[in-house]
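Based on the sequences and whatever the hints tell you, model everything.
Mapped onto the numbering used here, the consecutive letters of the sequence shown carry residue numbers 70 to 349.
Errors might be hidden in some of the hints.
[Unchecked claim] 27 Å max Cα-Cα, derived DSSO-like pairs, lysine-lysine:
# : residue 1 : residue 2
1 : Lys85     : Lys95
2 : Lys203    : Lys341
3 : Lys316    : Lys203
Read the hints as simulated data drawn from the structure, not as lab findings.
All of these numbers come straight from a predicted model, not from anything done at the bench.
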Amino acid sequence: MARTGVVLYHHNGSKKVIEAVRAVLKSMDADDHIYLVDDASTDDSVERIIEAFAEVEPMTLIQNEQYFGPAAGRNIGLYEAQTSGCEYYFCLDSSVCIAPDCLNRLVGGLQSDEELGIVAPQLGSGCGYLIDWKRFQMASVLLTDSQMAGDAVYVDAVSGNAMMISAALVETIGGFPEEYEHAWYDMELCIRATMHGKQVAVYPPAKAVMAETVLPDQYVDWCNWLSFFFAHTPNGMLDDFANAIRKWLDSLSGEQQELAHSAYQKVFEAQKNKSEGEGD
70 MARTGVVLYH HNGSKKVIEA VRAVLKSMDA DDHIYLVDDA STDDSVERII EAFAEVEPMT
130 LIQNEQYFGP AAGRNIGLYE AQTSGCEYYF CLDSSVCIAP DCLNRLVGGL QSDEELGIVA
190 PQLGSGCGYL IDWKRFQMAS VLLTDSQMAG DAVYVDAVSG NAMMISAALV ETIGGFPEEY
250 EHAWYDMELC IRATMHGKQV AVYPPAKAVM AETVLPDQYV DWCNWLSFFF AHTPNGMLDD
310 FANAIRKWLD SLSGEQQELA HSAYQKVFEA QKNKSEGEGD
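The following block contains the structure:
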């Protein structure tokens, strides 16, 4: 079986990370390795990790002295894993526990289809997303019973909380885009994969369970959402996107509307500066 580097990202919550590591260890083959990135946790996470897994050889603990966030934090683990000759990287959040056969099934899924570059386990009833160009949103894909019993379900994007990507693809497109804070970095990575000719899929034979969901800061999420669709909306749909933004702003009031206007202004200025820079 191909060597897999498990990049496990963690920030606070010592109980969940212990459970996540134990689940990964049950799923690993002899040549696999865990790269556990503790992103400047402020609780007893590091102490608990060292206490529980000090004698576990196939694990490298990376302790960030400052908080970088999930995109940059995952990249730190990815870059460490790149030095070890892994063929696949499994990016995992400490809030997710995987099934004992999850890693082998995901590797099998990637190896069975040369068009696949990124696969994700089934998280609950789904895990994948399709771009809704009418509403300019990412729509969650809820798998049908027949899809859950089948093989790969092609989607536009999957969650960075649990995704496997080939090392060859990372060499081509790089790691997670760090300009996206806390959200949408995984969506952007998947879009870059498809732009380079690779497919993205949920792979139902591989299972995982999310213990908890941490929602991103609303302002940050709005900024990332706007940045994503500014970058990827086709030229022929820019008027539709502008109308969607106006409707969104008009639907809000008070402090929320002020916050939304601030997010829009920030992203608009960034896009304007980027366009002017490309024109020079």
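Satisfaction of hint between lysine 95 and lysine 85, Cα-Cα up to 27 Å: Holds. Lysine 85 to lysine 95 sits at ~16 Å (cutoff 27 Å).
query: Going straight from one Cα to the other, do lysine 316 and lysine 203 come out at no more than 27 Å?
result: 13 Å, holds
- request: Please work out if lysine 203 and lysine 341 have their alpha carbons no farther apart than 27 Å.
  value: 24 Å, holds
Going down the numbered hints, you'll see the structure goes against none, and every one checks out.
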